[in-house]
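Asks: As they're listed, the protein sequences go chains A, B and C. Read in order, the letters of the first sequence correspond to residues 1 to 344 in this note's numbering. Read in order, the letters of the second sequence correspond to residues 1 to 300 in this note's numbering. Read in order, the letters of the third sequence correspond to residues 1 to 306 in this note's numbering.
Everything labelled a hint here was simulated from the structure, so no lab data went into it.
No more than 25 Å apart at the CA atoms, straight line, and that leaves these computed lysine-lysine pairs for BS3-like:
1) A:K91 to C:K221
2) A:K245 to A:K203
3) B:K71 to C:K158
4) A:K83 to C:K123
5) B:K26 to A:K21
6) C:K214 to A:K77
7) C:K214 to A:K91
8) B:K36 to A:K22
9) C:K123 to A:K68
10) B:K36 to B:K26
11) A:K318 to A:K300
12) A:K151 to C:K221
13) C:K221 to A:K130
14) A:K22 to B:K26
15) A:K26 to A:K288
16) A:K26 to A:K318
17) A:K318 to A:K37
18) A:K130 to A:K91
19) A:K130 to C:K214
20) A:K79 to C:K214
21) A:K154 to A:K131
22) A:K12 to A:K288
23) C:K82 to C:K45
24) A:K131 to C:K214
25) A:K37 to A:K245
26) C:K214 to A:K154
Each pair of labels, with its calculated beta carbon distance range:
27) C:G201 to A:R306: 35 to 41 Å
28) A:S299 to B:G127: 51 to 57 Å
29) C:F295 to B:L57: 55 to 61 Å
30) C:V93 to B:L33: 52 to 58 Å
What the simulated footprint calls covered on chain A by chain C, stretch by stretch (three residues with Cβ under 8 Å from a Cβ of chain C suffice, anywhere in the stretch; the number is not a length):
31) 99-105
32) 108-115
Virtual Cβ for every residue (Gly too), placed ideally from N, Cα, C.
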Amino acid sequence: MAEKEIPILEVKGLKTYFTTKKGTSKPVDGIDFVLNKGETLGIVGESGCGKSMTSLSILRLIPSPSGKIAGGSILFKGKDLVKLPESEMRKVRGNDISMIFQEPMTSLNPVIPVGEQIAEAIRLHQNLGKKAAWEKSVEMLRLVGIPSPEKRAKQEPFQLSGGMRQRVMIAMALACSPEILIADEPTTALDVTIQAQILEIIKNLQKQLGMGVIMITHDLGVVAETCDQVVVMYAGNIVEHTSSKELFANPKHPYTQGLLASLPNITEDVEELRTIEGTIPSPYNLPKGCRFSSRCPHSKDICSERNPELFEVSDDTKVRCWIYSDNWNNQSKREEECLNEKHS
Amino acid sequence: MSIEVKSELNHSVSQVLNKPKESQIKNALAILLSNKAAMIGAMIIIFYLLIALFAPLLAPYDPYAINLDNKFIPPSADHWMGTDDKGRDILSRLLYGSRLSMGVGFAAVAFGALFGIMCGLIAGYYGKWVDSIIMRVMDILLAFPGILLALAIIAALGPSLINVTIAVGAFSVPLFARIVRGSTLEVKKLEYIDAVRSLGANDFVIIFKHILPNILSPIIIQGTLRLATAILSAAGLSFLGLGAQPPSPEWGTMLSSGRDFLFSAPYIALFPGLAISILVLGFNIFGDGLRDALDPRMKN
Amino acid sequence: MAMFIFRRLFQTIPVIIGVTFVVFFIMQLVPGDPAVILAGEGASKETIEALREQLGLNQPLIIQYFDYITSLLKGDFGTSLKSSQPVLDEILVRLPITMELAFVSILITIFLGMAAGIIAAIKPYSLQDIGVMLIALLGISLPSFWLGLMLMYFFSVKLQILPVAGWDSPLHIILPAITLGVGGAAIVARMTRSSMLEVIGQDYIRTARAKGIKETIIIFKHALRNALIPVITVVGLQFGALLGGTVLVESIFAINGLGRMIVDAIRMRDLPMVQGGVLVASLIFVIVNLLVDIFYRLFNKRIDLN
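Kindly generate the complete structure, drawing on both the sequences and the hints.
Replies: Below, the structure is given as structure tokens:
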């Protein structure tokens, strides 16, 4: 138990940039995290913060030619995926690492029976014959709780409800028993009762298969229910990296605090939910200092001057905020230093 | 007094509307100017227009002068494109012919657009049974394959360049009507149309002052692309001997007389066809560029 | 589906009636007295009067139209003024030739067009894409009557590998079919490309990529079937343009089909022949459009119900 395994996924300094006519946008700008076997990592943030691009980068599915991994490494069991040739990368996709997308309505091919859409991946990665792959595909549909899977497998997506389609997506992603499952907002498009069922299915399968899960969501409820550790992203940066417990008990970053404050609270009877004012900065035009500074209630001069690094505040918590630097309180002095640095 | 107030209000409404319109035009122009293909297309069209305008100055010979001693001269220094079976200079005939071939195209599209726009505006604006009747008639006109409707019209009216213009124009009518009707329905839903109406504007004013200016983009795009087809169809009909008649230097007619000498003097048919192809190419690429610039939704 | 076919058939009836009306009405535009024209030059007053009576030309227009429709339903398309043969007989002799030409041409339009569109869409904005699209742009800009002549010059006169004109052997069909099919192929290519590019940007293509599937399989198995749906409609419309185009191509290659028959009839002022020819060609187009619609629906039902 105490034996230290190599993590199944280690993302180091990952940068994903897009070059278009408007300029360069940086939806992922230097991300680090580690995922261990059997563990669930949550990536949280508003839409546009770069969480989906992070997951697409891991599978190297960023829209090309405008998008590119501009730096960093993605180590899958020690093997750098960024440097892998495309043909090798294809063997990883759907086999070692697979993904559930957020739009069950549009993520399945409308003209191919769902069973075939699952069986296709099985044939490809597991060298099974047509019949065996089909049987496995039906088995997977049964596993994710689809009633009469033999019949459903032959149907096309339009004959299935949204919840069923999302189950198909999960069955497809898990068909080859991947080591890592990336679930990008797996429940956003579904209604609440089905949401819970889907999360339950993922959790159970994770236990059975022992895979690592990256749960991408803007829903802190999902995080509370499923995640071991959490990464909070804001404008392409990680602003807080902590354990799930700590996140809810003791949020550190003003942005995280804002996110939690905007959750409905059952114990308090408030008329209106609090929201974080302002909007996320454009990825084309990122501010020089802290990217949250324009919306931060604690913002001081230094915040708009320099982007803070991730300060380690405890064993399992890192925060990208000047408040947790040694001399937040002597901020004016810091500022002078900062200016001197520039002049020299 | 109250009338004055009304017109002032009316004015301010249209001012509000015109402002974004202007920047929209500027924006579209900027996209158009940065679209290299569209600019090439525009240059081709301008080049042809200049030729049509200055044909008498540019033409080295009289396009109609028959000189049987000079017939079938291949392209040479004296006759860049050679001479035809009657010794006429092909280049000179092409230059003059540009007026006819382009003229028919423009006239036919103008004719088709005029009727099509009227029908589309009325159908879109009044809706209900007016719309149903007009659009059913348009459907029927579209049920005729290609230039066959034009052929039927020419069969009735007799072969001539003017009748070709009418016939080719007639088969653009339903295409303009459809596009204009669709855009009118969209614009009609906008709130400001209600605002203008509540200020007492009558249907005529609403249709021509407020709806029409707002649906010009699709009309212009359609018009440009129609010009390409109209020039092709008109030349085709003349090629069949149903339009301009010899000795007219209309390009289709020239091509038609050139086909008799395809074996011995292929250049007689070569150059008029090239002239048509390049002009139509110009309209097509300009039309494509225009569509990208004015209406990104129509991009396909 | 049966309901849809039934409804669609029902909608076709007014269009067919409308087409007959337009054909009938256009012939009323003929300047001068139709009886005088039909009787020919130098006919006596009595002959003209008798003809007027015989053809019902002294009846009100609406009665005349009704008569026209009734005789059409009986298969009577009138009599050719030149050959004195029934128009329908003349048409039926030529129709198979035109249909054969149209069939081969539409195959060229479909397969050449789709292949070009796919080739372009596989690598958007690459050299191969730009090249194919430039050729397609040329394809929609070249006048078919000129292209036909140039092909004839090159393959029949210069290289002498294909017959110049006529309709005697399968070789004879090659040049006319290419001439007729190329314009449509260019339009289908443009449509296929843009449709493919749109489909390739869809979520389900990303899903397929996430499964580790090869790009070629993605193109042919996952993208193409979806991309072809809008192309079907374009092919249907192209069939109309193609039918119209037979008029030019049959004249160039001296093919004794429906198109050339119409042109000759116009030249000889043989109005019943023109009327009959245009009507038959239009009815074929209406029927083809009906079939295309039904086919589209069959192909598309899944997406429709979403």
